[in-house]
Amino acid sequence: MAWIDMVDEDKAEGKLAKLYDKLTRSGKNEVAHVLKVQSLNPDLLEGHLKIYKTIMFGRSNISRRQREMIATVVSDVNECHY
1 MAWIDMVDED
11 KAEGKLAKLY
21 DKLTRSGKNE
31 VAHVLKVQSL
41 NPDLLEGHLK
51 IYKTIMFGRS
61 NISRRQREMI
71 ATVVSDVNEC
81 HY
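Mind the numbering: the sequence shown is residues 1 to 82 in full-length UniProt numbering, read in order.
Take these hints with a grain of salt, some might be off.
Unchecked claim - Using C-beta positions, here's what the derived DEER-type ranges look like:
#1 Y52 x M6: 12 to 20 Å
#2 V34 x R65: 17 to 25 Å
#3 S63 x A17: 16 to 24 Å
#4 R64 x K11: 30 to 38 Å
#5 K53 x A17: 17 to 25 Å
#6 D76 x D43: 27 to 35 Å
#7 W3 x R59: 19 to 27 Å
#8 G14 x M69: 21 to 29 Å
#9 D8 x K53: 34 to 42 Å
What the hints assert, rightly or not - Lysine-lysine pairs mimicking PhoX-like chemistry, simulated, CA-CA at most 25 Å apart:
#10 K28 x K18
#11 K53 x K22
#12 K50 x K18
#13 K53 x K18
#14 K22 x K50
#15 K53 x K15
#16 K50 x K28
#17 K28 x K15
#18 K11 x K50
#19 K15 x K50
#20 K11 x K28
#21 K28 x K53
#22 K11 x K22
Hint data in this document are derived by calculation from the structure and do not stem from the laboratory.
Every residue, glycine too, gets a C-beta built ideally from N, C-alpha and C.
Kindly generate the complete structure, drawing on both the sequences and the hints.
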C-alpha cells in the first residue's frame, strides 16, 4: 500500500493522461510507481522526465553506458529496484 496518494492510469485526465500515454507507449501497461507518486502534480512529473532525458541522453563527457552503470550502482546503494 502506497503512503503517497497517486492517480491510477485509468483515472488520469488532461495533462497527466497525456504524460501517462507517453510513458506506456513502449508496451508497458502501467506507469512505474517511482513516477506515479508525482501524479498529483503533472508539471512536476513532466519536469522530472525532462531532467531524466537530459541526464541520460543529453550531450555529456561520459557515455550512455557509463551513465547507466552509475545509475545502477546508485540504485543498488539505495536498495532501490528501479
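Tested hints:
Separated by about 18 Å at the C-beta atoms, Y52 and M6 satisfy the suggested range of 12 to 20 Å. At roughly 22 Å, the beta-carbon separation of V34 and R65 lies within the given 17 to 25 Å, and the hint holds. Hint check: S63 to A17, Cβ distance near 35 Å, so the stated range 16 to 24 Å is violated. Distance hint check for R64 and K11: the Cβ-Cβ separation is about 35 Å, which falls inside the suggested range of 30 to 38 Å.
The beta-carbon spacing between K53 and A17, approximately 20 Å, falls within the hinted interval of 17 to 25 Å. A beta carbon spacing of about 31 Å between D76 and D43 agrees with the range 27 to 35 Å that was offered as a hint. A hinted range of 19 to 27 Å for the beta carbons of W3 and R59 is inconsistent with their spacing of about 38 Å. At about 37 Å, the beta-carbon gap between G14 and M69 misses the expected band of 21 to 29 Å.
Evaluation of the 34 to 42 Å hint for D8 and K53 yields a failure: the beta carbon distance comes to about 24 Å. A threshold of 25 Å between alpha carbons decides the hint, and for K28 with K18 the separation of about 15 Å falls inside it, so the pair holds. Using a Cα cut-off of 25 Å, the hinted pair K53 and K22 holds, with the two alpha carbons roughly 13 Å apart. A threshold of 25 Å between alpha carbons decides the hint, and for K50 with K18 the separation of about 15 Å falls inside it, so the pair holds.
With a CA separation close to 17 Å, the supplied pair K53 and K18 stays within the 25 Å bound. As the CA atoms of K22 and K50 are separated by approximately 13 Å, the hinted pair is consistent with the 25 Å bound. At most 25 Å may separate the alpha-carbon atoms for a hinted pair to count; K53 and K15 meet this at roughly 19 Å. Straight-line distance between C-alpha atoms of K50 and K28 comes to about 20 Å, which keeps the hinted pair within the 25 Å bound.
At most 25 Å may separate the alpha-carbon atoms for a hinted pair to count; K28 and K15 meet this at roughly 19 Å. The suggested pairing of K11 with K50 holds, with an alpha-carbon distance near 23 Å, which does not exceed 25 Å. Distance hint between K15 and K50 is fulfilled; the C-alpha atoms sit about 15 Å from each other, no more than 25 Å. Taken as a hint, the K11 and K28 pair is honoured in the structure, with Cα atoms around 17 Å apart against an allowance of 25 Å.
For the hint pairing K28 with K53, the CA-to-CA distance comes to about 18 Å; that is within 25 Å, so the pair holds. Distance restraint check for K11 and K22: the Cα-Cα separation of roughly 16 Å lies within the 25 Å cut-off, and the hinted pair is therefore satisfied.
Violated hints, in rising order: 3, 7, 8, 9; the structure is consistent with all others.
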